[in-house]
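Q: Keeping their order, the protein sequence lines are chains A, B, C and D. Just so you know, our numbering puts 409 at position 409 of the first sequence, and the rest follows in order with no gaps. Just so you know, our numbering puts 15 at position 15 of the second sequence, and the rest follows in order with no gaps. Just so you know, our numbering puts 97 at position 97 of the third sequence, and the rest follows in order with no gaps. Just so you know, our numbering puts 164 at position 164 of the fourth sequence, and the rest follows in order with no gaps.
For the record, the hints were derived by calculation from the structure and aren't laboratory data. Hints may be right or wrong, so weigh each one.
No copy labels: a pair is met if it fits in one copy or bridges any two.
[Stated by the list, open to error] BS3-like cross-link-like pairs, simulated, lysine-lysine; straight-line CA separation at most 30 Å:
#1 LYS212 - LYS370
#2 LYS73 - LYS380
#3 LYS393 - LYS370
#4 LYS123 - LYS182
#5 LYS73 - LYS370
4 protein chains.
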Amino acid sequence: MSFEHTCVFDWRYGSLEMRDLFKAENIVKTYIRVEQALLKGLEEAGLAPRGCSELASSCMNSVTARDVYEMEKVLGHDIASLVFKLEEVCGECGRFIHLGATSYDVVDTAWALILRDALKILKIKLRNVISTLIDLSRRYVDVVVVGRTHGQHAAPVTMGFKFANYAYELARSYERISEAEKRVLRLKISGSVGTMASWGDRGFVIERTMEKELGLQAHLITTQVAPRDGFAELASVLAILASQLDRLALEIRELSRSEIGEVYESMQRVGSSAMPHKRNPVIAERISGLAKIARGFVTPALENIPLMHERDLTNSSSERVLLPHLFLLIDQMLMDTIKLLNVVKVDEEAARRNLELSRGAIYSELLLTKLIEKGWSRRKAYFKVREVVESIKPGETLIDSVLRDPELSSMFNREELIEFLNPNYATRSVRSIVERTLRYVEELLNR
Amino acid sequence: MSFEHTCVFDWRYGSLEMRDLFKAENIVKTYIRVEQALLKGLEEAGLAPRGCSELASSCMNSVTARDVYEMEKVLGHDIASLVFKLEEVCGECGRFIHLGATSYDVVDTAWALILRDALKILKIKLRNVISTLIDLSRRYVDVVVVGRTHGQHAAPVTMGFKFANYAYELARSYERISEAEKRVLRLKISGSVGTMASWGDRGFVIERTMEKELGLQAHLITTQVAPRDGFAELASVLAILASQLDRLALEIRELSRSEIGEVYESMQRVGSSAMPHKRNPVIAERISGLAKIARGFVTPALENIPLMHERDLTNSSSERVLLPHLFLLIDQMLMDTIKLLNVVKVDEEAARRNLELSRGAIYSELLLTKLIEKGWSRRKAYFKVREVVESIKPGETLIDSVLRDPELSSMFNREELIEFLNPNYATRSVRSIVERTLRYVEELLNR
Amino acid sequence: MSFEHTCVFDWRYGSLEMRDLFKAENIVKTYIRVEQALLKGLEEAGLAPRGCSELASSCMNSVTARDVYEMEKVLGHDIASLVFKLEEVCGECGRFIHLGATSYDVVDTAWALILRDALKILKIKLRNVISTLIDLSRRYVDVVVVGRTHGQHAAPVTMGFKFANYAYELARSYERISEAEKRVLRLKISGSVGTMASWGDRGFVIERTMEKELGLQAHLITTQVAPRDGFAELASVLAILASQLDRLALEIRELSRSEIGEVYESMQRVGSSAMPHKRNPVIAERISGLAKIARGFVTPALENIPLMHERDLTNSSSERVLLPHLFLLIDQMLMDTIKLLNVVKVDEEAARRNLELSRGAIYSELLLTKLIEKGWSRRKAYFKVREVVESIKPGETLIDSVLRDPELSSMFNREELIEFLNPNYATRSVRSIVERTLRYVEELLNR
Amino acid sequence: MSFEHTCVFDWRYGSLEMRDLFKAENIVKTYIRVEQALLKGLEEAGLAPRGCSELASSCMNSVTARDVYEMEKVLGHDIASLVFKLEEVCGECGRFIHLGATSYDVVDTAWALILRDALKILKIKLRNVISTLIDLSRRYVDVVVVGRTHGQHAAPVTMGFKFANYAYELARSYERISEAEKRVLRLKISGSVGTMASWGDRGFVIERTMEKELGLQAHLITTQVAPRDGFAELASVLAILASQLDRLALEIRELSRSEIGEVYESMQRVGSSAMPHKRNPVIAERISGLAKIARGFVTPALENIPLMHERDLTNSSSERVLLPHLFLLIDQMLMDTIKLLNVVKVDEEAARRNLELSRGAIYSELLLTKLIEKGWSRRKAYFKVREVVESIKPGETLIDSVLRDPELSSMFNREELIEFLNPNYATRSVRSIVERTLRYVEELLNR
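In isolation and in its complexed conformation, chain A is listed as follows (with noise of 0.2 Å):
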């Protein structure tokens, strides 16, 4: 811990190797990898002279964040200091650096190189965090839980199939990141207002240069600017991954509570300064509070698209703030999921004493469809089922209940009823969904 930072993902929240990628150091480097990139294009469209790029690709790297930095105070521009600073140092091809480019053919190009990296980061996060519910859920396939619904008692789930239905969503966000990639991921090099207009008919042959240098696809057409919507786009899903995330979270959080008990953060800490009887589900309330800042940072990233013209400079200062912290964001929430989901205990004990609260009122769903089945019409047997579900006494059971209805009573006899009326019956298709489930979510991954 510095003591000089006031942000949090300085040093509380956020993984060193996200934090690095986010730091002037890193910038500044990426930014003189551009530059190297280019001044092989401008190389290899005769705009440069032979040999160049070679020689000037390791002067270029001894410039660093500081250098860049002192030169920004005098002139109060960024790229135009680093251009000025890398040409001292280059000798002779030092004048071909940047040759032709705007500030943000080497800012926009950067940003896609360091979110690449940040990109992957979160995936292998994201890949851990599915692949160890996916070994949850197989691990609690046959654990037969409450399925609740409005926070009521609803019908009979298993806790396997909780975690499965977690893996299935955060596989979707996994498929969104991965399809969004292609619109974000891309090489900006078209000038000052997106024509080319230092090159003429050489700037492609510089773009595809740089494309095979960086592993880039270009955009195929811009303004000084890459179009913001793919940000936009970053924001958004990362946000719903967040969301999900915070469900994954408030799941947890609740199924902790003292009435409930089904789960529980197991780690020994001072759990209250207060209280010291307290184990609170710390890890998953912080996963739901980062997720409402992760909410938050859609609408500026929105509001970025509209730039005036051939751009203007609104989205600069907008997106210093933006990217870092929600990269950083999502990589403490990320690591917070995995820290959950590797001390969170289940409660059998606790699992078994709630699915019998209701006295087997959970399942009443089955008996209705068993009454349909039996030729009563809809309507009667909802009516029926409400009325004997409300008529269960103090000690007794649904099937209790049932036996005692004089109607009812000449339709089934208990074994006939414990037959349907239990939880093993009431997820009888848990395992195969699950299965087929953990499959699919298996071979997207693997794509």
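Got chain A; can you put chains B, C and D on it based on the hints?
A: Quick look at chains B, C and D alone, frame taken from chain A:
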């Protein structure tokens, strides 16, 4: 105009075809269509008698939105009311309707069907917008205009180049919407907590039958409801589209300024109640206005993702507001954009006048590049160009100022300067860039 | 239910009285009222003949929304249509109507009048909510229930204490709305760019007359429109209110959980189409659902602030959507909250049962404090309390565990422990806190 | 610049004084200050020995942020770590520190103290902005410029009139912030669930003592935490302020356009790495850029309101991000606005040129009014004015066109027309309006 509306989308904004999709009549009709497919599925699965689905199909269509609404007033539950009503009119087969299903099997599948139609409408209009942009791009590809960054004259582009940028950006949205469809337009048929509890393994037969009947692929797993990230993605991609249309509208609004006048909305209307002389870009302004609302719909859609356990109901009221308004909004924005592109006129005379306004300063980048090519350092060239630009005297152009500079006048004569400091030279790559872009866009739309 | 609506606020949500305010008929009627006041002002200022305003007043009322709409179809401008129409019916005085004014003199002043009525409706309902909370607070001030933090049992509170917290929070909203009014509900009468150009210094007479006629204070300066921060503030304070109601609804939803059951919505309805046994907290869920939409309306309202120069039109379409929907939404939420508070029942038996669930652990803070008072260090006390809490055996309570501890049992006997480890001791300040809060709230409402 | 930051607010944006407030050192120092006040309260209430608070005060200050952080790594809880640390260094009195309190008694009260300082900083800067606007308003009150609506020339205003509008709008924000303070800057001292359980009625003595010590009024009731609507209000009012500054910045950006040129940022910097001739309004653009982020912070702040029961922890991580960034953001925007207003220059020559651009059409409203005064119907006058405006020939003005019209030329001669179709006549009320506005603003600031 019915004076019974408080909502502008019910009379002022949005098309009739889109409105019809979201009216009670169509919603109930679509619910019935889902129930019919389900009945067919039950029949295939052996859970309803052979022939029932055919028999019931026609009688089901006799139930109207009003019937459902009248019963809902008593029961307080819309799908339960529908199902009771359907049972009433369908005789012996009636009781098999909805057997084993939960309300959101019907609601979520109906949303998928309605949104499929709604997206079809939006995509046709979006294709129309893009096609018009392609036409405009080809028509004006050679009309050189000032390119502006920071609101300042930067360097020449062409009017067709501008339109091609918008065509490209919107094509990205078209692609994005198309990719989202496979995640959003899905069958949901899995019962009250997603386990197919009432059907056992025969649930998969029902699912397959309904997939075929409705032309929708099923979710691999769900809770009581389909995962809400689908609608959040939809809201995001549509808000991105809205913000792109906003950018196009902003371009028109700014180019329509009294001082610029390169384009104008050519429609005869009363422009102002106080100032009869005004020609306001009101269509473009309406587009920008509605885009703000579209951006505002993303956060609620994101907030709908973290539902509790197997679902809570908080997505319901929220989506009832969100979905119709979002689609009608985008619908109106697309119609407005089509209208805008059809009434917008380019004033080539004004374009030419503005091009000369900077008296050649917009070619300064070309001069800079040339000086570097001639062996100058970037720094020296940069400050020299700035100097000659600032020395342009009233009545002069950049070329005059260059020729007054001792150092530069020894390097170039007037003819040489004219050769590369002119609009056509500055935009000599534009046709190639535009052409490859339009080809790309056309291919994407034909995919 | 008219089946001509796509918008739920036109039939399902919102009160009739609120809807009427935002219908075309009332909007046009309010425009006319502003024009009448303006005519009176013109007369006072000597710009219209004496008697004209009285003469014209009655004829002006004959113009209907339909008349205006028919003409708008031709002219494409609503206020211009209205003014032409008014002139038509008002004979000699007709031409003085709207003299020197701009459309937004009428529109913005009309918004102020309509929103004054709308806020009146909301404030009455909010007072009603708060009063009910005060009643509930007094009724349940002594019913001890578990207080929960992180979803975990923390320490006892009372049900009345809970309600008092909500009363206090909502009173803060009441105060906030009242403070916002003076900035939002303002006359705007300054002509086409805010300079009163057509009236010269006589503009101030017109302004003063209209202030008196309409009971509104004028803005001190404007552009063509009143500053939009007013509506943004309104959207903010209403979204804050919505989020507070969301918090109350969430409390009810969580306390209604099957495992908790301390409260429930006591209404007989069909709870689920598949599960006849369910009692879902659907009113509370609807409140939480609509709150999400309310939060989404703040950003567009903020985006309306930065209008260009003396205004652009992008606020217009945006506000046409924003204002009616926002008010109808809050209106529905308040009605739902009133209904919720009227049907919610407290199950004191369940409350008692939950209170005992932790077997005394919820008093651990009191034990901690007592040990420190008795001379222990916090650290020693903290870990000792944790130890005895974790040592509570099945069937035991905290007191038993304390008495099994050698160190502690030498300090306390059972009677002494019972004295301060009990619900009434833990909540002994609650009545005073609640009473001072309710007094404060009542005074605030009576201000 | 330390290269250890990923967050721009830690080096590029925000003032040192604001950053210091949000660094760990100051946060811990403020926590200690609250603990000291609490100890004093405990002493007054007879819960700690007389003299303890004085005795402990100095030793408490020896604990540093680093000490706390080292222990937090072990305990995983910041306030518990602080309290253990404080106890360690404070001898006999140590164990009374934090007695009966919960972490958020300290955290929320510390936020109130820190935000009081932060708001002081913002308000000083905001006053500075407003004062500068007042000066500019007075300086340029007579410089007539074109007023624009829809980007079109509408009617004359003066440059000072423009500035006065901004002064008025920002004064509304100043008032709004001041009103919010009483709800946000509050003492929170009520224990773990808000019941003062450890203190009984002596809690009120503690509360009163701390109110005096810290100069903060206490909340009347709370849960474990102060109600979160306070921070949501703060985020809202600051986002409103940000959007107003955005509007001012947008004005400057638009008036700086190459074609308009009425104002410009007069600073010598490198404007573009490719185009040496450019003078970009980069300060204004940065303001507009950051405003987008500010708007994005409102929704998370709203989402923090609905905490569960007596609180959940999801506000914590969210506020750790939200509060420092929000304040540093607004801090930077205000500093930028001050700088902007100091470097902005008005080009009166350009203003005059633009005023003549419409060749008198901007006086059409005055002609309209005059015709109505002379007895014409509005409709006749409206279309006649439009006709003469459209008939202005090259080289002519509106007056020439009027005099060519047979009907009109019989009503006016050139002298009469000149008398009311001129800039001074059009702005004859401006001085009065501006003066009353500035008086109002000055009074408001002096309140």
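Q: Each of the hints needs a verdict: does it hold here or not?
A: Structure-based check of all given hints:
1. LYS212 - LYS370: between (65 Å within a copy, 27 Å between copies)
2. LYS73 - LYS380: between (81 Å within a copy, 20 Å between copies)
3. LYS393 - LYS370: For LYS393 and LYS370, the Cα distance is within 30 Å only inside one copy (23 Å; across copies 44 Å).
4. LYS123 - LYS182: both (15 Å within a copy, 21 Å between copies)
5. LYS73 - LYS370: between (79 Å within a copy, 28 Å between copies)
Violation of the numbered hints given earlier is absent; every hint is satisfied by the structure.
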